[in-house]
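Asker: Residue numbers (the numbering used here), protein chains in the order written: chain Z, 1 to 276; chain G, 1 to 276.
Honestly, I wouldn't trust all of these hints.
[Said to hold, decoys possible] In silico DSS-like links for lysine-lysine, alpha-carbon gap of 25 Å or less: (1) Z/2 x Z/13; (2) G/13 x Z/62; (3) Z/13 x G/62; (4) Z/198 x Z/183; (5) G/13 x G/62; (6) Z/2 x Z/62; (7) G/208 x Z/62; (8) G/198 x G/208; (9) G/183 x G/206.
[Stated by the list, open to error] Non-contacting residues of chain Z with respect to chain G, defined by C-beta distances greater than 12 Å in every case (computed): (10) 11; (11) 13; (12) 41; (13) 55; (14) 62; (15) 91; (16) 123; (17) 221; (18) 234; (19) 235; (20) 249; (21) 250.
FYI, nobody ran anything at the bench for these hints, they're computed from the structure.
Glycine residues also receive a C-beta, built at the ideal position from the N, C-alpha and C atoms.
Listed here are the chains, written in short residue letters.
2 protein chains.
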Amino acid sequence: MKTISENACFGGKQGVYSHASEVCGGEMTFGLFMPAEAENDPVPVLWFLSGLTCTHENAMVKAGAQNWAAEQGIALIFPDTSPRGTGVANDEAYDLGQGAGFYVDATEAPWSPHFKMWSYLADELPTLIEDQFEVDMERQSITGHSMGGHGALTLAMNLEGRFRSVSAFAPICNPTASDWGRKQLGAYLGNDESTWTKHDAALLMKDKGFDGPVLIDTGTDDQFLDLLKLETLAEAATKRRQQMNFRMQPGYDHSYFFISTFMEDHVTFHAEALYA
Amino acid sequence: MKTISENACFGGKQGVYSHASEVCGGEMTFGLFMPAEAENDPVPVLWFLSGLTCTHENAMVKAGAQNWAAEQGIALIFPDTSPRGTGVANDEAYDLGQGAGFYVDATEAPWSPHFKMWSYLADELPTLIEDQFEVDMERQSITGHSMGGHGALTLAMNLEGRFRSVSAFAPICNPTASDWGRKQLGAYLGNDESTWTKHDAALLMKDKGFDGPVLIDTGTDDQFLDLLKLETLAEAATKRRQQMNFRMQPGYDHSYFFISTFMEDHVTFHAEALYA
Numbered sequence: 001m002k003t004i005s006e007n008a009c010f011g012g013k014q015g016v017y018s019h020a021s022e023v024c025g026g027e028m029t030f031g032l033f034m035p036a037e038a039e040n041d042p043v044p045v046l047w048f049l050s051g052l053t054c055t056h057e058n059a060m061v062k063a064g065a066q067n068w069a070a071e072q073g074i075a076l077i078f079p080d081t082s083p084r085g086t087g088v089a090n091d092e093a094y095d096l097g098q099g100a101g102f103y104v105d106a107t108e109a110p111w112s113p114h115f116k117m118w119s120y121l122a123d124e125l126p127t128l129i130e131d132q133f134e135v136d137m138e139r140q141s142i143t144g145h146s147m148g149g150h151g152a153l154t155l156a157m158n159l160e161g162r163f164r165s166v167s168a169f170a171p172i173c174n175p176t177a178s179d180w181g182r183k184q185l186g187a188y189l190g191n192d193e194s195t196w197t198k199h200d201a202a203l204l205m206k207d208k209g210f211d212g213p214v215l216i217d218t219g220t221d222d223q224f225l226d227l228l229k230l231e232t233l234a235e236a237a238t239k240r241r242q243q244m245n246f247r248m249q250p251g252y253d254h255s256y257f258f259i260s261t262f263m264e265d266h267v268t269f270h271a272e273a274l275y276a
Numbered sequence: 001m002k003t004i005s006e007n008a009c010f011g012g013k014q015g016v017y018s019h020a021s022e023v024c025g026g027e028m029t030f031g032l033f034m035p036a037e038a039e040n041d042p043v044p045v046l047w048f049l050s051g052l053t054c055t056h057e058n059a060m061v062k063a064g065a066q067n068w069a070a071e072q073g074i075a076l077i078f079p080d081t082s083p084r085g086t087g088v089a090n091d092e093a094y095d096l097g098q099g100a101g102f103y104v105d106a107t108e109a110p111w112s113p114h115f116k117m118w119s120y121l122a123d124e125l126p127t128l129i130e131d132q133f134e135v136d137m138e139r140q141s142i143t144g145h146s147m148g149g150h151g152a153l154t155l156a157m158n159l160e161g162r163f164r165s166v167s168a169f170a171p172i173c174n175p176t177a178s179d180w181g182r183k184q185l186g187a188y189l190g191n192d193e194s195t196w197t198k199h200d201a202a203l204l205m206k207d208k209g210f211d212g213p214v215l216i217d218t219g220t221d222d223q224f225l226d227l228l229k230l231e232t233l234a235e236a237a238t239k240r241r242q243q244m245n246f247r248m249q250p251g252y253d254h255s256y257f258f259i260s261t262f263m264e265d266h267v268t269f270h271a272e273a274l275y276a
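Start from the sequences and build out the full structure, keeping to the hints where you can.
Answerer: Here it is, written out as structure tokens:
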């Protein structure tokens with residue numbers, strides 16, 4: 001593991017690190033905020049998965065999460081959204097290829113050699129971070145934005161018992177039925193749509209739900225609301241009586257101004273579960 | 001004035017606007033955060049002047065100031081750091097020309113036709129903002145980072161009675177004696193160094209001081225400390241018994257991670273003066 005940068009931040013440390021990823025077949029970069037408390041004891045962790053076009057950096061510099069994580073004594077992990085670099089397949093569209101991994105393990109050419117974001121986040125990166133930092137991986141929660149909200153919800157519901165709470169900002173909820181999803185799931189996973197269902201938060205919510213609290217925030221002026229299909233998640237969660245706080249925030253859009261506004265609520269929400 | 005973007009943010013609105021600047025001879029862009037309180041009454045304003053290479057955008061997306069400004073009911077103005085565009089002089093160096101206006105009115109070629117950031121911030125932009133938004137320009141305070149800390153301190157001390165309080169993050173304090181300053185003041189103002197002194201915070205502090213509270217934060221690990229010459233400001237302020245809180249923050253560097261960490265303190269500090 002290489003240290004790219006470390007900056008003092010809210011009494012703790014904001015680091016950026018890279019490492020040779022076996023599952024992604026190349027160098028991967030991630031951000032990690034460690035609160036001051038980690039000097040004494042392992043701290044619980046909150047994952048933040050980012051949206052289309054983002055790297056590890058966007059949320060790290062724009063979401064304002066470190067303040068609240070420092071207050072709560074929680075580590076923040078900011079993974080990248082895809083493998084990158086020369087030799088890694090890409091597409092000219094902003095919503096496919098590098099910056100758009102969609103948190104799946106690709107099985108189709110040309111994506112399958114590197115695009116293994118599911119395994120990377122479910123197995124490889126948590127193992128590395130547990131090994132290298134003072135974190136308590138018995139206490140993990142997860143959140144994300146847009147495509148990253150999709151990732152957070154699908155990881156949380158599939159990896160039963162892994163995460164104590166899950167939240168999302170304007171998540172992609174029903175990718176098997178949206179232009180933000182069908183194109184990517186088809187490209188990465190192929191035409192057999194039965195392989196897609198474990199990557200659809202609304203279908204997972206209908207099928208199994210989440211064993212813990214769920215918080216969802218979306219702006220009423222979100223310019224991508226039709227693509228996110230929030231209503232499918234709301235319906236499925238309501239029908240199964242899922243413990244959930246589902247909020248439509250008046251006037252907010254899809255931007256980091258929206259995310260930063262409600263970040264304190266999300267970190268506090270996760271802290272309650274992590275310290276329960 | 002043109003609206004570039006407006007996003008809901010912490011109950012208020014983060015806008016980006018551009019306008020034809022008479023003094024800078026071209027289009028200028030600025031960010032403006034208006035808290036919810038502005039819907040009822042004019043609100044006090046806090047200026048944030050940015051550092052080298054920055055635009056109106058850096059602090060707006062990375063400093064986390066809107067949260068605290070919303071709490072205090074204060075507007076935030078994020079001006080650009082120089083004129084820009086084709087037809088505007090530039091230099092290959094990061095610290096001269098576009099992105100490096102140094103908050104002076106250039107008198108020398110090739111800079112003098114456009115580089116009038118002093119007049120822009122002292123006169124033109126406040127007049128425009130007072131005219132277009134629900135702000136109370138009787139209640140203004142000012143802060144900034146690095147080159148912008150220099151701008152904040154020099155504007156505050158020169159424009160007596162204009163600002164109720166001034167603060168700075170890692171400000172350039174003594175540009176007439178630093179490589180961050182001599183090059184630029186020489187290029188913009190010429191070789192007669194008597195014209196430089198009104199743009200040197202340490203000299204101004206020695207000569208006249210500031211009629212109000214001053215807050216300065218700098219990291220002990222700031223990689224540019226030798227260029228900032230904080231000690232000259234500390235000495236001058238101490239000698240004249242200036243009301244001041246001058247803090248060296250252990251382990252922090254020059255980055256926005258440092259700025260965001262102490263932004264709450266700065267906004268709270270200014271709020272006390274603005275609502276006194």
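Asker: When the structure is checked against the list of hints, which entries are broken? Sort them ascending.
Answerer: 7, 10, 11, 14, 17, 20, 21
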